[in-house]
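A.B. asks: Read top to bottom, the protein sequences are chains W and E.
For what it's worth, full-length UniProt numbering labels the leading residue of the first sequence as 1, then goes sequentially.
For what it's worth, full-length UniProt numbering labels the leading residue of the second sequence as 1, then goes sequentially.
Just so you know, these hints were derived from the structure itself, not from any lab.
Be aware that a few hints might be false.
Since copy identity is lost for identical chains, a pair holds within one copy or between any two.
No farther apart than 20 angstroms at their CA atoms in a straight line, the calculated lysine to any residue pairs in the SDA-like style are these [said to hold, decoys possible]: (1) Lys8 with Ile68; (2) Lys20 with Gly320; (3) Lys8 with Glu305; (4) Lys102 with Gly15; (5) Lys183 with Lys208; (6) Lys40 with Val77; (7) Lys40 with Phe85; (8) Lys208 with Asn188; (9) Lys282 with Ser113; (10) Lys102 with Ile32; (11) Lys40 with Gln106; (12) Lys183 with Asn196; (13) Lys81 with Ile29; (14) Lys8 with Ala331; (15) Lys319 with Asn309; (16) Lys166 with Asp287; (17) Lys40 with Asp89; (18) Lys8 with Asn309; (19) Lys20 with Asp67; (20) Lys282 with Val108; (21) Lys20 with Glu308.
Keep in mind the model is a prediction, meaning the values are calculated, not measured.
Here is what each chain is made of, one letter per residue.
Number of protein chains: 2
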Amino acid sequence: MQLNTQIKLAETPTGTPEPKHFAVHNEAIPDIENGEFLSKTLYLSLDPYMRGQIAGRHISGRVDPGDILRGEAICEVIDTKHPEFAVGDIVSYFAGWQKFSKSDGQQVSKIDSRITPSSLALGILGMPGLTAYAGLIDLGEPKAGDVLVVSAATGGVGSMVGQIGKIKGCRVVGIAGSAEKCKWAVENANFDVCLNYREDDLPTALDKACPDGIDIYFDNVGGEILETVMEKLSLGARVILCGLMAQYNQDERLPGTNPANIIRSRATVRGMVVYDHFHKQKDFVEDVLNWLDDGLITYREDVSEGIENAAESFCRLMKGQNFGKTIIKVA
Amino acid sequence: MQLNTQIKLAETPTGTPEPKHFAVHNEAIPDIENGEFLSKTLYLSLDPYMRGQIAGRHISGRVDPGDILRGEAICEVIDTKHPEFAVGDIVSYFAGWQKFSKSDGQQVSKIDSRITPSSLALGILGMPGLTAYAGLIDLGEPKAGDVLVVSAATGGVGSMVGQIGKIKGCRVVGIAGSAEKCKWAVENANFDVCLNYREDDLPTALDKACPDGIDIYFDNVGGEILETVMEKLSLGARVILCGLMAQYNQDERLPGTNPANIIRSRATVRGMVVYDHFHKQKDFVEDVLNWLDDGLITYREDVSEGIENAAESFCRLMKGQNFGKTIIKVA
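Based on the sequences and whatever the hints tell you, model everything.
C.D. replies: Right, here's the structure in full:
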């Protein structure tokens, strides 16, 4: 009798996971009831976000010891009591790390027959591809001539970001972790340049590759590479935070603002400098004068008299000891 | 003879500036030539960004030992050889820390006569006010019912952000550094709540004040307060980075992503989660299939055979040893 081979989490890893943290388990192939189908797994997708599930800190949920690992798969329906799925249908769903699985059809997609091999529905025509497509086009707003930097440049998401960037007319600079990956990015995937962060001094290499700054950064890694690229943004840059490869294996949170918070909340974080907003001056003065008239605005000034006292007043301000707008009455 | 009293930087401070870092200097009142006017300073604005100028790291330029401190002032024209400025005109410009100054009229604004006292043109009706107005309305996009958190809540910018937020129908939570400031924010400036970060445990106090998360955060401080608030953003939150009070006195850069980079570049940083973008699925598949047909997209799969090898393959992926989209061929 054929069995269903499954991979379960044996132990929650600390740091980088090793094969010993996983266990092979065999059990009977499940029976199906009305409204269900049985499928065999053709292809299983492995993705970095799974490290976050194992750590119990991914938005899609957690995997504990004894649980089957989760994962999206391309499956072929081999038995069915579901009216919408026929034997032979090729579908994708979160079937997990196992040879056979059943489903009630919820959150199952049939694979477009034009997608061949069907494994592409896990890659450039699946979630990594959609991530790159929607992330770059909708959040990155690429324009012809923009300088686009993408990390994990040969991964499922990164390689699509770079290639879509080229289609949109960007100059594309990849960051990857080996000379072989960088070679592929430039020779096969149309990147203009690809920097090897394990060999090159990344700040220097980025300056050379992007002398006029970076207009779009599509980040799949977080950590030090994110910090380095953020030093080189051009005016009005767009940064898409999409992955945390550098953090997935970390048990302790890195110091500083955690990009995971921005990803989790799909936040928009923007830099504000008033010099860009002087065109609002007239509206601003009219509105505030009206609000003052209506009693909707109050204010407090922290006034010292005499230019000689400016230094002392400034020092109080820098210790947070002022109260209200700090002003020196000079004459 | 009356002299022009000026305040110059005596010494570049390390850490929090002290009065000893500044020096009083007296010299003759300047003569004016054709196309210039002479003015006496009525009010001088002191602002935290000046700390960055002294450190040589502000976008508006640097102040070195021996230089007059820079600063925006309200001035009265007392002598003129400039056709557009008459004696008695009240103007604002970057006159610096001194009693008298001359100007060729470039980047000088005449003060709207409805602004009384004219010192308000340095505060709620000046740059801090415009910063709050444009930053909150254009970048924060406040909607009625939004939870708005603002740090340095009683400062020139923060107090206006909170009050404009109330006008726009937000629930406004301030963060300030003393009980007295918090009392003023709530009792005078219409804030719903104000948290004293020196007394309250800020993470707990924020949870209590914003049980459903934070929709808009207007940050004037950076540092630890920024990190704490970022943990509590709600879905689709907007964060406006506008000041770095917590960092201005630091000589060494804090670890982690430096918010100064986002401010300097006026960048937009966004979190990307593919689950929000499934409405693009159809466009995505059509575009990518066309691009594949046109030879514009290539791909690389890192395929291992057999579900038993999933764990090993995943461990390679987490070490960055994969090359291309990682897939397990199961059947």
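A.B. asks: All hints, please: hold or fail.
C.D. replies: Here's how the hints hold up against the structure:
1. In this homomeric assembly, Lys8 and Ile68 come within 20 angstroms of each other (Cα to Cα) only inside a single copy, at 4 angstroms, whereas the closest approach across copies is 69 angstroms.
2. For a Cα distance limit of 20 angstroms, the shortest separation of Lys20 from Gly320 across copies, 19 angstroms, qualifies, whereas the shortest one inside one copy, 54 angstroms, does not.
3. When the C-alpha separation of Lys8 and Glu305 is checked against a cutoff of 20 angstroms, the pair qualifies only between copies, where the shortest distance is 18 angstroms, while the shortest distance within a copy is 73 angstroms.
4. Taking the shortest alpha-carbon separations for Lys102 and Gly15, neither the intra-copy value of 33 angstroms nor the inter-copy value of 64 angstroms comes in at or below 20 angstroms.
5. Proximity of Lys183 to Lys208 under the C-alpha cut-off of 20 angstroms is restricted to the intra-copy arrangement: shortest distance 18 angstroms within a copy versus 53 angstroms between copies.
6. Within a single copy, Lys40 and Val77 get their C-alpha atoms as close as 7 angstroms, which meets the 20 angstroms cut-off; across copies the closest is 85 angstroms, which misses it.
7. In this assembly of identical chains, Lys40 and Phe85 lie within 20 angstroms of each other by CA distance solely inside one copy; the values are 14 angstroms within and 84 angstroms between copies.
8. Taking the closest pair of Cα atoms, Lys208 and Asn188 never come within 20 angstroms of each other, the shortest separation being 22 angstroms inside a single copy and 54 angstroms across copies.
9. In this assembly of identical chains, the alpha carbons of Lys282 and Ser113 lie at most 20 angstroms apart only when taken from different copies (14 angstroms versus 58 angstroms within one copy).
10. In this assembly of identical chains, Lys102 and Ile32 lie within 20 angstroms of each other by CA distance solely inside one copy; the values are 7 angstroms within and 88 angstroms between copies.
11. In this homomeric assembly, Lys40 and Gln106 come within 20 angstroms of each other (Cα to Cα) only inside a single copy, at 17 angstroms, whereas the closest approach across copies is 75 angstroms.
12. In this assembly of identical chains, Lys183 and Asn196 lie within 20 angstroms of each other by CA distance solely inside one copy; the values are 10 angstroms within and 55 angstroms between copies.
13. Proximity of Lys81 and Ile29 under a CA criterion of 20 angstroms is satisfied intra-copy only: 16 angstroms inside one chain copy versus 95 angstroms between copies.
14. Proximity of Lys8 and Ala331 under a CA criterion of 20 angstroms is satisfied inter-copy only: 19 angstroms between copies versus 78 angstroms inside one chain copy.
15. Taking the closest pair of Cα atoms, Lys319 and Asn309 come within 20 angstroms of each other only inside a single copy of the chain (16 angstroms); across copies the shortest separation is 59 angstroms, beyond that limit.
16. With identical chains, the CA atoms of Lys166 and Asp287 are at most 20 angstroms apart between copies only, with a shortest distance of 14 angstroms across copies and 45 angstroms within one.
17. In this assembly of identical chains, Lys40 and Asp89 lie within 20 angstroms of each other by CA distance solely inside one copy; the values are 11 angstroms within and 84 angstroms between copies.
18. Taking the shortest alpha-carbon separations for Lys8 and Asn309, only the inter-copy value of 12 angstroms comes in at or below 20 angstroms, while the best intra-copy value is 70 angstroms.
19. Proximity of Lys20 and Asp67 under a CA criterion of 20 angstroms is satisfied intra-copy only: 15 angstroms inside one chain copy versus 65 angstroms between copies.
20. Proximity of Lys282 and Val108 under a CA criterion of 20 angstroms is satisfied inter-copy only: 16 angstroms between copies versus 55 angstroms inside one chain copy.
21. Taking identical chains as interchangeable, the C-alpha atoms of Lys20 and Glu308 lie at most 20 angstroms apart only when they sit on different chains, with a minimum of 12 angstroms there against 71 angstroms within one chain.
Checked against the numbered hints listed earlier, the structure breaks hints 4, 8; every other hint is satisfied.
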